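Enquirer: Each chain, letter by letter, is given below.
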Amino acid sequence: MNHHQKAIKIQTTGKSFHDITAKVKSIVAESGINMGLCTLFIRHTSASLIIQENADPDVLKDLSNFFSKLVPEDSKSYIHDAEGSDDMPAHIRSVLTQTAQQIPIAQNRLMLGTWQGIYLWEHRDRSHHREVIIHINGV
Amino acid sequence: MNHHQKAIKIQTTGKSFHDITAKVKSIVAESGINMGLCTLFIRHTSASLIIQENADPDVLKDLSNFFSKLVPEDSKSYIHDAEGSDDMPAHIRSVLTQTAQQIPIAQNRLMLGTWQGIYLWEHRDRSHHREVIIHINGV
Amino acid sequence: MNHHQKAIKIQTTGKSFHDITAKVKSIVAESGINMGLCTLFIRHTSASLIIQENADPDVLKDLSNFFSKLVPEDSKSYIHDAEGSDDMPAHIRSVLTQTAQQIPIAQNRLMLGTWQGIYLWEHRDRSHHREVIIHINGV
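From first to last, the protein sequence lines are chains U, D and S.
Just so it is clear: in the first sequence, position 20 is 520 by the working numbering, and no numbers are missing.
Just so it is clear: in the second sequence, position 40 is 540 by the working numbering, and no numbers are missing.
Just so it is clear: in the third sequence, position 58 is 558 by the working numbering, and no numbers are missing.
The hints are simulated quantities; they were obtained by calculation from the structure and are not laboratory data.
Treat the hints with caution; some may be incorrect.
Identical chains blur together in the list; that is why a pair holds if it fits in one copy or across any two.
Claimed, not checked - SDA-like, lysine to any residue: derived pairs with alpha carbons at most 20 Å apart: (1) K506 - L610; (2) K515 - S564; (3) K576 - G514; (4) K525 - H580; (5) K576 - N608; (6) K561 - S575.
Model, not experiment: these values are computed from the prediction.
Please model the complete structure; the sequences and the hints are all you need to start from.
Expert: Structure, rendered in structure tokens:
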């Protein structure tokens, strides 16, 4: 039985999706874990981790458009606006999505479905340094 | 220490909730794990895993109605529409809910609350074959 | 390798956020686990566990306001209303947020970011007794 842990750093480019699937796959391969669980955790409250379709990039555009309408950046709606009109909406988007994801591992590979990719979703307008912890445990 | 893994397959019947609690309970019982963690992961991006009330079936109907209004199937709203007007809304519903769930295990039983059931939520209109990985680790 | 489990009980005060970060930290410290994973699970379907900003309390007020608008307590909208007009909205809020959270542990400490706190979010109007299971595994 083993536990492995690695931090990865991603510099985001404003509101955007960053595909981290290949990075996570290589950390799983390095770990040597045959069967187990991979947990991802983002150490921020204005960016998320999501698992979504990796085939048609329009899916991510539509996701982005939907959330822009669902959580408007209208400063009159929010008390917390000292950090910019995109900050409170970013916190709400974070609550509506996920801070952590878990993916089982079998035969030293993530058991993602064919069309599943892992994305860091930046909710702020400006570029940020984001840290994601990859925790792997298994046998 | 042990890790157990099993895949279950569910044929859905269009937009619907499938109660998989009994199946998961029996896999936990078989595993022989006394104290640990059960992780569920769905290998798709247009269906979800949720934990919800198992008493009044109207709760699931209201959930379904709420999400139909929140994420309209209006093809004009989306760029990604090649797979049908229900496809992009299904991806959005998947992001707003969960791809994975974790439930602690004690005395070889899931520590669900009295009113908690585990549901696979199909977001597409047509029947689909869905695969859920049940990962159990503990002592 | 070790698995630790502890239940904590929180008496809520109607719709409110209860910061349980300090409690969870002390359970992690007691466990003696150096590197591993902390999983939190709430045994209810009308309250959630979220990870959010711990600095400006206005963030939580804005979250609360946003969800009140997103999920209206209008009894005409719901079939399930026998338990009060706040009950079905509470179930929907639970589905839109999280029943479980995972946080990696390193050097016997939760790897939360500087601004991340762990909150139990009560969605019902009246005070409730809520139970959260803290599961810790690692080395």
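Enquirer: Determine for every hint whether it applies to the structure shown.
Expert: Structure-based check of all given hints:
1. In this assembly of identical chains, K506 and L610 lie within 20 Å of each other by CA distance both inside one copy and across copies; the values are 16 Å within and 14 Å between.
2. Within a single copy, K515 and S564 get their C-alpha atoms as close as 8 Å, which meets the 20 Å cut-off; across copies the closest is 24 Å, which misses it.
3. Taking identical chains as interchangeable, the C-alpha atoms of K576 and G514 are never at most 20 Å apart, the minima being 22 Å within one chain and 26 Å between chains.
4. Within a single copy, K525 and H580 get their C-alpha atoms no closer than 38 Å, and across copies no closer than 27 Å, so neither meets the 20 Å cut-off.
5. Taking identical chains as interchangeable, the C-alpha atoms of K576 and N608 are never at most 20 Å apart, the minima being 50 Å within one chain and 42 Å between chains.
6. Proximity of K561 to S575 under the C-alpha cut-off of 20 Å is restricted to the inter-copy arrangement: shortest distance 14 Å between copies versus 24 Å within a copy.
Checked against the numbered hints above, the structure violates hints 3, 4, 5; every other hint is satisfied.
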